[in-house]
Amino acid sequence: MAGTDPISQFNIYELFSFGTIGADAEGAGGFELAFTNSSLFMVLTVGLIAGYLILSTRGRGLVPSRLQLVSEITYEFIANMVRSSAGNEGMKFFPFVFSLFTFILISNMFGMFPYFITVASHLIITVALALLVMTVVIVYGVMRNGFGFLKLFVPSGIPLPVLIIVVPIEVLSFLSRPLSLSLRLFGNMLAGHIVLKVFAGFVVTLTSMGAFGIIGAVLPFGMTVALTGLEFLVSALQAFVFTILTCVYLNDAIHPGH
Amino acid sequence: MSIIGSIYGQADLAVQQQDGATWAGAIVVAQAETDISSEESTVSGSETSQGGASEDAVIVLEGTSGEEVLGASSHGEETTTGTSSHDVKDSGVFPPFDSSTFGAQLFWLALTFGALYLLMSKIALPRIGEILEVRRDRIEGDLAEAERLRKKTDQAIASYEAELAEARAKSQAIAEDTRASLKADVDAKRAEVEADLTKKVAVAESRIQKTKADALANVDDIAADTAVALVSKLTGKISVKAARSAVATVVKG
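From first to last, the protein sequence lines stand for chains F and C. Sequential numbering of the first sequence, starting at 1, is according to my numbering. Sequential numbering of the second sequence, starting at 1001, is according to my numbering.
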């Protein structure tokens, strides 16, 4: 962990390896099945979510305990989100949406701890999640509607000349969805953590410069505290935004005809 | 993307001071390389255009193979970089764009997210859903039960009131009956008594009448006797018979 370098917090390093798969004779190529710090926090995230939800509801209390209530509130929150934006039919995607939200939220919250890596600050993760969402949308949309799914690109009640302009725009906007979905989450988590680290780095650098430095460090320190609060907000908000957009896209798959 | 570019520059500066910063070494390597190749030496520092970051990434990616890193560092000013970029698995690329970690990340994401999905959809969510449903059913059941009991209570109150009204009517009827029978009784007795009295009055009256008649009859006798006495005193003798007839005529007259 390099002190004030704002990028090193995103380093992925191997904790241990399960060996390399598909390497050639010289050991080059192939892909190393490494258990990295990122993997660790994915496992911790899943462990925490599943552990909490399962253990807190173990009593199946008719009158919920405080811990159980948190699980129930989360459940109701996501269920209402899915129901209100994708309708009752969208509820078949409820476990998927719930997993997405809790995974992003909890991994982002883990990322708020110093020295913990933020899983979603790596583009490959957010791209994978966004593509997963779009794959589900497209596969389900085609399965359910067949060619009717293409109505997604043809808003109803629009005259033909306008359609010639609107349809390409709709196609473009659909294609840009995975892009915006993944880049939004990635960019927010990355930029937020970098800014946080930069300001924290100022504090470290300035305090090493003697008494004046310490006085000068008050301002960046205040900024760090404020930004930490902001980052908590952003972490939760981005999880929410990712999830609600997923619901909206799923709604398109269920009701493509606008 | 411009953030990344500028951060690069900053990192570059900040990092110079510390040794053992694996990433730092790589940056220097990357920069050394660009120094050699062309005037693009500022790419990793001040470039702010969209292309800046990607170009950056490309240049840095070149450094991923160990050979080139070493080669570059031999050209560079810093000799420590060659070793530091080897001991940790870190190719010096901006970490989120380091494609060598993509495989492992995707693998673990698939594994963990898949596990999470399974755990959620098979265990946690059905359980919470069941808890909520049981509670909703229970509340609805309780409400229905309360409603049923309320209806029952209402019914009981209604029947109680009906019975009360009936009882009241009955008691009234009984009272009425009693009053009527008493009245009838009293009336009958009064009638009896009155009849009795009337009879007695009648008897008494008849007796009075008789007595009166008797008395009146006696009055004639007395009058006759008196007349006889008077006449005999005044004139001498008079027969009682004559006196009587004379009285009778007077009385009738």
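The set of hints was computed from the structure by calculation and includes no laboratory data. Remember, it's a predicted structure, so these values are computed and weren't measured experimentally. One thing to keep in mind: the hints can contain errors.
Covered stretches of chain F (chain C as the covering partner; in silico rule of three or more C-beta atoms under 8 Å from a C-beta of chain C) [unchecked claim]:
no. : region
1   : 10-16
2   : 43-54
3   : 60-68
4   : 94-101
Virtual Cβ for every residue (Gly too), placed ideally from N, Cα, C.
Status of the hints after comparison with the structure:
1. Taking a C-beta to C-beta cut-off of 8 Å, the region 10-16 of chain F contributes 5 residues in contact with chain C, enough for the three needed, and the coverage statement holds.
2. Given as covered by chain C, the region 43-54 of chain F passes the check, having 7 residues with a CB less than 8 Å from a CB of that chain where 3 are the minimum.
3. For the region 60-68 of chain F, the assignment as covered by chain C holds, since 5 residues bring a beta-carbon within under 8 Å of that chain's beta-carbons and 3 suffice.
4. Using a Cβ-Cβ cut-off of 8 Å, 5 residues of the region 94-101 of chain F lie near chain C, which meets the minimum of three, so the contact claim holds.
This entry satisfies every hint, going by the numbered hints stated previously.
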